[in-house]
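Visitor: In case you want the letters, here they are:
2 protein chains.
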Amino acid sequence: MKKCWVLLMSLALVLSLLAPVANAQPSENNDVLTKAKSTHVQIVLFDGFDLLDALAPYEVFAAAGMYSGGAVTVELVSAEGKRSVPSGMNGPALEAQAALDPNRSGIILIPGASGKPAGDTEDAIPNLLKQTMKTGLPDMMKQAFNNKEVTVATVCGGTLLPAMAGLLKDRYAVTNHIGMAALGALGAIPIEARVVEDGPRLVSGGGVTSGLDVALYLVDREAGPQIANAVEKLFEYEKRGTVWRAEGIAPIDFNTSSKATEEK
Amino acid sequence: MKKCWVLLMSLALVLSLLAPVANAQPSENNDVLTKAKSTHVQIVLFDGFDLLDALAPYEVFAAAGMYSGGAVTVELVSAEGKRSVPSGMNGPALEAQAALDPNRSGIILIPGASGKPAGDTEDAIPNLLKQTMKTGLPDMMKQAFNNKEVTVATVCGGTLLPAMAGLLKDRYAVTNHIGMAALGALGAIPIEARVVEDGPRLVSGGGVTSGLDVALYLVDREAGPQIANAVEKLFEYEKRGTVWRAEGIAPIDFNTSSKATEEK
Chain A
1 MKKCWVLLMS
11 LALVLSLLAP
21 VANAQPSENN
31 DVLTKAKSTH
41 VQIVLFDGFD
51 LLDALAPYEV
61 FAAAGMYSGG
71 AVTVELVSAE
81 GKRSVPSGMN
91 GPALEAQAAL
101 DPNRSGIILI
111 PGASGKPAGD
121 TEDAIPNLLK
131 QTMKTGLPDM
141 MKQAFNNKEV
151 TVATVCGGTL
161 LPAMAGLLKD
171 RYAVTNHIGM
181 AALGALGAIP
191 IEARVVEDGP
201 RLVSGGGVTS
211 GLDVALYLVD
221 REAGPQIANA
231 VEKLFEYEKR
241 GTVWRAEGIA
251 PIDFNTSSKA
261 TEEK
Chain B
1 MKKCWVLLMS
11 LALVLSLLAP
21 VANAQPSENN
31 DVLTKAKSTH
41 VQIVLFDGFD
51 LLDALAPYEV
61 FAAAGMYSGG
71 AVTVELVSAE
81 GKRSVPSGMN
91 GPALEAQAAL
101 DPNRSGIILI
111 PGASGKPAGD
121 TEDAIPNLLK
131 QTMKTGLPDM
141 MKQAFNNKEV
151 TVATVCGGTL
161 LPAMAGLLKD
171 RYAVTNHIGM
181 AALGALGAIP
191 IEARVVEDGP
201 RLVSGGGVTS
211 GLDVALYLVD
221 REAGPQIANA
231 VEKLFEYEKR
241 GTVWRAEGIA
251 PIDFNTSSKA
261 TEEK
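Heads up: the sequence lines are chains A and B, in that order. According to full-length UniProt numbering, the stretch in the first sequence is residues 1 to 264, in order. According to full-length UniProt numbering, the stretch in the second sequence is residues 1 to 264, in order.
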């Protein structure tokens with residue numbers, strides 16, 4: 001990866017030399033710019049995590065790092081520190097590179113679990129999430145929610161983890177459609193959208209593949225639309241859905257509102 | 001996973017007891033049916049492989065196995081056997097569980113590499129693919145192409161590997177748009193579609209996320225549309241694009257055909 005940055009920086013240097021506006025120290029300035037704007041992403045692994053929930057965003061952020069010359073960095077972490085973390089459904093393990101640091105500014109992304117969608121057997125998602133609530137993760141999530149320099153992003157069942165920790169009371173969020181009732185029961189306001197942003201510091205995504213959309217939105221927000229677009233082209237995927245926010249005109253609810261009839 | 005099958009089988013038993021048509025040995029018959037129709041998928045890892053190319057299909061097949069009670073099974077393999085295989089761009093390693101067996105009937109899926117999209121540095125995709133061609137994989141791919149019980153599926157740059165082994169001469173295929181010219185130069189007929197099927201035994205996909213579509217198509221083909229649809233709902237993703245095959249009416253090419261003008 002380091003070689004990659006060096007090469008991209010060299011390319012940037014060559015391009016800047018060709019550019020009409022002269023710049024005395026383009027390489028050095030670029031370095032400063034990159035460091036100042038750099039966004040670090042910690043993706044949290046826990047026993048039974050869902051591979052795609054974690055790795056689709058991982059790869060989006062990694063590619064954004066490649067295209068931006070390091071303005072986005074990403075690592076896999078766990079509450080327990082560096083360790084091999086088994087994914088759900090007897091899937092392959094991934095190595096967490098470090099301990100989750102809730103005080104580090106940037107993005108903390110929480111994936112869901114993978115397993116049987118219901119039930120209370122050992123390999124059922126509700127049980128995997130309950131087990132995770134017994135680890136150090138809930139406390140770390142609380143610290144992250146209290147840190148104004150941190151955006152917490154969740155994907156799929158990952159939204160249920162802060163909800164179970166009591167952190168989503170009256171907050172807008174989405175999870176896999178299977179978990180929407182549970183999300184509401186835990187005090188959150190479930191919104192049927194692919195990606196929901198509640199304030200700038202909480203971004204949640206729906207089922208598994210919406211992790212692509214959560215990550216592309218955050219890349220757009222943090223590193224700009226050109227980088228997000230470059231990743232989309234490479235991955236042959238276009239971000240789906242409007243990111244829902246509690247702003248602007250609220251649509252008339254034609255199912256429940258009497259206003260609908262009045263305004264006909 | 002085993003517990004999961006047992007539970008699903010138990011559920012199938014209960015459901016069959018409730019069904020109006022009596023069946024003397026429903027559980028046993030289900031077992032026989034499952035075994036007879038079971039499709040095994042080997043996903044091939046190699047140094048520098050792309051995480052999503054490999055794991056998006058892995059998770060689709062794994063979920064198909066869950067919903068079908070074991071009619072689809074999937075494992076990660078490598079040409080060298082059981083080992084830890086590093087992904088590209090200094091990403092996490094995955095454990096290959098066994099050696100690729102080109103003589104085992106079912107599906108062999110080849111992902112692409114992840115790295116710089118061009119160039120000949122150590123971390124560039126063309127170099128990663130060249131290095132892979134020096135392993136035992138090309139010979140194994142040849143055996144797989146000669147085995148009538150095997151469907152070879154490729155995703156993204158993974159299509160270039162059999163092409164580099166001379167196995168795609170005059171065959172319809174697709175790869176990441178960045179590699180389409182190379183695919184043509186290697187003797188294949190590049191088709192701009194998300195998924196291309198050349199005969200039933202070669203299915204290729206375009207860029208990274210098209211691995212979802214390749215796997216959903218194969219699940220539909222091997223285990224049926226209801227299983228594919230169940231996975232789509234769980235993943236909140238709908239298979240994109242018509243699978244291209246050299247069948248039916250070929251569309252008029254309005255850019256090059258004089259027929260276009262004549263038929264106006």
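Worth double-checking, as some hints may not be accurate.
Taking CB as the label site, the calculated pair distances span [claimed, not checked]: (1) A:T135 / B:A181: 32 to 40 angstroms; (2) A:A250 / B:E238: 34 to 42 angstroms; (3) A:P251 / B:P200: 42 to 50 angstroms.
In silico DSSO-like pairs for lysine-lysine, Cα to Cα no more than 30 angstroms straight-line [to be verified]: (4) A:K169 / A:K148; (5) B:K233 / B:K169; (6) A:K233 / B:K130; (7) B:K134 / B:K37; (8) B:K37 / B:K82; (9) B:K148 / B:K37; (10) B:K37 / A:K130; (11) A:K130 / A:K142; (12) A:K169 / B:K233; (13) B:K169 / B:K130; (14) B:K82 / A:K82; (15) A:K134 / A:K169; (16) A:K233 / B:K169; (17) B:K134 / B:K169; (18) B:K148 / B:K82; (19) B:K148 / B:K169; (20) A:K134 / A:K82; (21) B:K37 / A:K233.
Since the hints were made in silico from the structure, they are not lab data. Computed from a predicted structure; not experimentally measured. Just so you know, even glycine gets a beta-carbon here, dropped at the ideal spot from N, CA and C.
Visitor: Hints first: check each against the structure and report whether it holds.
Guide: Evaluated hints:
1. A:T135 / B:A181: 32 to 40 angstroms: violated (49 angstroms)
2. A:A250 / B:E238: 34 to 42 angstroms: violated (28 angstroms)
3. A:P251 / B:P200: 42 to 50 angstroms: holds (47 angstroms)
4. A:K169 / A:K148: holds (18 angstroms)
5. B:K233 / B:K169: violated (38 angstroms)
6. A:K233 / B:K130: Measuring from Cα to Cα gives roughly 24 angstroms; hence the hint holds.
7. B:K134 / B:K37: Judged against 30 angstroms, a Cα distance of about 35 angstroms means the pair is violated.
8. B:K37 / B:K82: Given that 30 angstroms is the threshold and the Cα spacing comes to 27 angstroms, the pair holds.
9. B:K148 / B:K37: holds (16 angstroms)
10. B:K37 / A:K130: Answer violated: K37 of chain B to K130 of chain A is near 36 angstroms, above 30 angstroms.
11. A:K130 / A:K142: At roughly 17 angstroms apart (the allowed maximum being 30 angstroms), K142 of chain A and K130 of chain A satisfy the hint.
12. A:K169 / B:K233: holds (27 angstroms)
13. B:K169 / B:K130: holds (18 angstroms)
14. B:K82 / A:K82: holds (23 angstroms)
15. A:K134 / A:K169: This hinted pair holds, its Cα atoms lying about 20 angstroms apart.
16. A:K233 / B:K169: Judged against 30 angstroms, a Cα distance of about 27 angstroms means the pair holds.
17. B:K134 / B:K169: Cα-Cα ~20 angstroms, so holds.
18. B:K148 / B:K82: holds (26 angstroms)
19. B:K148 / B:K169: Roughly 18 angstroms separates the two Cα atoms, so the pair holds.
20. A:K134 / A:K82: Status holds; Cα separation ~18 angstroms.
21. B:K37 / A:K233: Violated: K37 of chain B and K233 of chain A sit about 38 angstroms apart, past 30 angstroms.
Consistency with the previously given hints fails for numbers 1, 2, 5, 7, 10 and 21, ordered from lowest to highest.
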